[in-house]
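Listed in order, the protein sequences are those of chains A and B.
Quick note: to get the numbering used here, add 410 to the position in the first sequence (first position is 1).
Quick note: to get the numbering used here, add 558 to the position in the second sequence (first position is 1).
Think of the hints as simulated: they come from the structure by calculation, not from any bench.
Beta carbons: idealized from backbone N, C-alpha and C, even for Gly.
Don't take every hint at face value.
Cut-off 30 angstroms, straight-line C-alpha distance, at most; resulting in silico cross-link-like pairs (DSS-like, lysine-lysine) [said to hold, decoys possible]: (1) A:K516 - B:K648; (2) B:K708 - A:K516; (3) A:K449 - B:K652; (4) A:K449 - B:K648; (5) B:K651 - B:K697; (6) B:K713 - B:K700; (7) A:K516 - B:K697; (8) B:K651 - A:K501; (9) A:K530 - B:K700; (10) A:K516 - B:K702; (11) A:K449 - B:K638; (12) B:K700 - B:K651; (13) A:K501 - B:K648; (14) B:K700 - A:K512; (15) A:K499 - B:K700; (16) A:K501 - B:K697; (17) B:K713 - A:K449; (18) B:K700 - A:K516; (19) B:K708 - A:K449; (20) B:K565 - B:K702; (21) B:K797 - A:K449; (22) A:K499 - B:K702; (23) B:K700 - A:K501; (24) A:K512 - B:K652; (25) A:K501 - B:K638; (26) B:K782 - A:K512.
Now the stretches of chain B that chain A is said to cover, found in silico as 3 or more residues with beta-carbon under 8 angstroms [stated by the list, open to error]: (27) 571-577; (28) 779-791.
Partial pick of chain A residues on the chain B-facing surface, computed with a CB cut under 10 angstroms [unchecked claim]: (29) F418; (30) K449; (31) L459; (32) D462; (33) D490; (34) A508; (35) V534; (36) V539; (37) L583.
Spelled out from the first residue to the last, the chains are:
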Amino acid sequence: MRYLKQLFLLSVLLIICGCGGKANPDFYINQDIDFSYIKRVAVLPLDNLTSDRFAADAVRHVVISELLATGLVEVSPPGDAVAALDSMKIKNIQSLNAEQIKSIGKTLNVQAVILGAVNKYGEVREGNVSAPEVTITLMMADTGSGSIIWSATRTRGGAGFMVKHFGAKAETLSETVLHVVRDAVHTLYKY
Amino acid sequence: MQVLVIKAAKSREQRAKSKEQRTKSKEQRAGSKEQRAGSKEQRAGSKEQRAGSGGGFALYSLLSALCLFIVFVYGCGTQKHYVRSDTDIKNIKKIAVLPFENFSTEEIAGEKIRRIVIAEIISRGIEVVEPGEVSRLIKDMKIKSISMIKLSDIKEIGTSTGSDAVMTGSVEYYGISRGVNINYPEVTINLRLIETSTGNVLWSIRKTSEGPNFWMRHFGSEGKTLSETAGEVVKDAIKTIF
Chain A
411 MRYLKQLFLL
421 SVLLIICGCG
431 GKANPDFYIN
441 QDIDFSYIKR
451 VAVLPLDNLT
461 SDRFAADAVR
471 HVVISELLAT
481 GLVEVSPPGD
491 AVAALDSMKI
501 KNIQSLNAEQ
511 IKSIGKTLNV
521 QAVILGAVNK
531 YGEVREGNVS
541 APEVTITLMM
551 ADTGSGSIIW
561 SATRTRGGAG
571 FMVKHFGAKA
581 ETLSETVLHV
591 VRDAVHTLYK
601 Y
Chain B
559 MQVLVIKAAK
569 SREQRAKSKE
579 QRTKSKEQRA
589 GSKEQRAGSK
599 EQRAGSKEQR
609 AGSGGGFALY
619 SLLSALCLFI
629 VFVYGCGTQK
639 HYVRSDTDIK
649 NIKKIAVLPF
659 ENFSTEEIAG
669 EKIRRIVIAE
679 IISRGIEVVE
689 PGEVSRLIKD
699 MKIKSISMIK
709 LSDIKEIGTS
719 TGSDAVMTGS
729 VEYYGISRGV
739 NINYPEVTIN
749 LRLIETSTGN
759 VLWSIRKTSE
769 GPNFWMRHFG
779 SEGKTLSETA
789 GEVVKDAIKT
799 IF
């Protein structure tokens, strides 16, 4: 009987390993902030640190979709954020300072802005197997103070044990992006 | 004579003793027979227990096999969408579908998906502004790029075309992807429906096609074409709202 229970637990463990992927969530959240005042956010264009030309745009749209899907905040149209940056003559998102963040907040009528970067986006080769890998960093800045109140780094990818050895269903690149963004956003709306 | 009597008495004693002994051993045999019957009962009882735990074993095995099968065939994860809670979609009678942003390597993927979306919306009985009319309007408004369309532009498009809502979107992926041992079509789109009078996002979805299914991966069965996949992804996305 004990042997049977161990066999069952081993099966469950294998299943979890099959679904888990390689993920080490790493995030910061300012515990002194009451996030319930944030009703509307703007997602700024993300920095693209990959060789895929559209990686940052693609991930940005996924972030917008996932934020809307939580139902907790409204998101200003992506074009408004781009137009606001254009009007302020900001070409490099990395160079945004606190005053500029406050100014964007007033222009777009948002309580917070989301910025970040796509560090990795594409296929990686592991032996005979190719698998998608995505790494993103997201931050939220309060437009009242201009300070960072949340940040998360999330990475996911590689072919799992079940995929490599038993031909289980592997994640597509799009599914990997979705999981990475969703896991990052989860760390925010948990609070 | 006396010797004979004594001998007879002794042999009667001996016969009585051996009769006693036979009775005793008979009793012992009966006792051990009972014990054997008892242990047989015990064995029957433990056999029942094993049958009961065998049933438990079958249940555990079935559960494990079911879990493994589900992960093996379907993988993990679900797709969500957003619908604004205080909205009655039935009030949306006319929609303008803007050109989609294209983040894929296929040059005209944006336009392909846009046409499929328009056809799908029309098939559900909703009026759609002619795509050429929308493109002309965007050109007249001197909008440099689709990614720079502002809320004020959306409201203006709504006023000019008489549409209740505007659909925007992007094509994140459109092409053939390489899996572990197999190539498969992959299509991923983001769609948003924005009310022209208020600028509120009424509906938003990100939809992606799934990778190769179980039969394709293990038995080489024929999969869908890229066009079929695109059609399905759009259909599944639109049916969450209309």
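Do the hints match the structure? See the list:
The straight-line distance between the Cα atoms of A:K516 and B:K648 is roughly 34 angstroms, outside the 30 angstroms bound, and the hint therefore fails. Using a Cα cut-off of 30 angstroms, the hinted pair B:K708 and A:K516 holds, with the two alpha carbons roughly 16 angstroms apart. Pair hint A:K449 plus B:K652 holds up; C-alpha atoms about 29 angstroms apart against a cutoff of 30 angstroms. Restraint check for A:K449 and B:K648: the C-alpha separation of about 26 angstroms stays at or below 30 angstroms, so the hint holds.
Restraint check: the Cα-Cα separation between B:K651 and B:K697 comes to about 25 angstroms, which is no more than 30 angstroms; the hinted pair holds. Taking the CA atoms of B:K713 and B:K700, the gap is near 15 angstroms; set against the 30 angstroms cutoff, the hint holds. Annotation: proposed proximity of A:K516 to B:K697 holds, straight-line Cα distance about 29 angstroms (limit 30 angstroms). Taken as a hint, the B:K651 and A:K501 pair is broken in the structure, with Cα atoms around 40 angstroms apart against an allowance of 30 angstroms.
A distance of roughly 35 angstroms separates the Cα atoms of A:K530 and B:K700; the hinted pair therefore is violated under the 30 angstroms criterion. As the CA atoms of A:K516 and B:K702 are separated by approximately 24 angstroms, the hinted pair is consistent with the 30 angstroms bound. Restraint check: the Cα-Cα separation between A:K449 and B:K638 comes to about 20 angstroms, which is no more than 30 angstroms; the hinted pair holds. Distance check on the hinted pair: B:K700 and B:K651 sit about 27 angstroms apart at the alpha-carbon level, within 30 angstroms; holds.
Among the hinted pairs, A:K501 with B:K648 is inconsistent with the structure: their alpha-carbon atoms are about 42 angstroms apart, more than 30 angstroms. The hinted pair formed by B:K700 and A:K512 meets the criterion: a straight-line CA distance of about 29 angstroms does not exceed 30 angstroms. Between A:K499 and B:K700, the direct Cα distance comes to roughly 19 angstroms. Compliance with the 30 angstroms bound is thereby established for this hinted pair. Taking the CA atoms of A:K501 and B:K697, the gap is near 24 angstroms; set against the 30 angstroms cutoff, the hint holds.
Between the alpha carbons of B:K713 and A:K449 the distance comes to roughly 22 angstroms, so the proposed pair stays at or under 30 angstroms and holds. For the hint pairing B:K700 with A:K516, the CA-to-CA distance comes to about 25 angstroms; that is within 30 angstroms, so the pair holds. Between B:K708 and A:K449, the direct Cα distance comes to roughly 19 angstroms. Compliance with the 30 angstroms bound is thereby established for this hinted pair. Only pairs whose Cα atoms come within 30 angstroms are accepted, and B:K565 paired with B:K702 is rejected, the gap being roughly 138 angstroms.
Between B:K797 and A:K449 the CA atoms are separated by roughly 28 angstroms; this keeps the pair inside 30 angstroms, and the hint holds. For the given pair, A:K499 sits about 16 angstroms from B:K702 by alpha-carbon distance, which is consistent with the 30 angstroms threshold. For the given pair, B:K700 sits about 21 angstroms from A:K501 by alpha-carbon distance, which is consistent with the 30 angstroms threshold. Taking the CA atoms of A:K512 and B:K652, the gap is near 38 angstroms; set against the 30 angstroms cutoff, the hint is violated.
Taking the CA atoms of A:K501 and B:K638, the gap is near 33 angstroms; set against the 30 angstroms cutoff, the hint is violated. Our distance criterion of 30 angstroms between C-alpha atoms is broken by B:K782 and A:K512, whose separation comes to about 49 angstroms. With a threshold of 8 angstroms between beta carbons, the proposed coverage of the stretch 571-577 of chain B by chain A is violated, since 0 of its residues qualify and at least three are required. Against chain A, the stretch 779-791 of chain B contributes 0 residues with a C-beta closer than 8 angstroms to a partner C-beta. That does not satisfy the three-residue criterion, and the hint is violated.
For the restraint placing A:F418 at the interface with chain B, the shortest Cβ-Cβ distance is roughly 4 angstroms, inside the 10 angstroms limit, so the hint holds. Annotation: interface hint on A:K449 violated; nearest CB of chain B at approximately 12 angstroms, more than 10 angstroms. Taking 10 angstroms as the C-beta contact cut-off toward chain B, the hint placing A:L459 at the interface is violated, the least distance being around 16 angstroms. Evaluation of the A:D462 hint against chain B yields a held restraint, the C-beta minimum of about 9 angstroms falling below 10 angstroms.
Checking A:D490 against chain B by beta carbon gives a least distance of about 5 angstroms; that is within 10 angstroms, so the hint holds. Given hint, A:A508 at the interface with chain B, is violated; its Cβ is 24 angstroms from that chain's nearest Cβ, farther than 10 angstroms. The beta carbon of A:V534 is not positioned within 10 angstroms of any beta carbon in chain B (closest approach about 12 angstroms), and the interface hint is therefore violated. Given hint, A:V539 at the interface with chain B, holds; its Cβ is 5 angstroms from that chain's nearest Cβ, closer than 10 angstroms.
A least Cβ separation of about 7 angstroms between A:L583 and chain B falls short of the 10 angstroms threshold, and the interface hint therefore holds.
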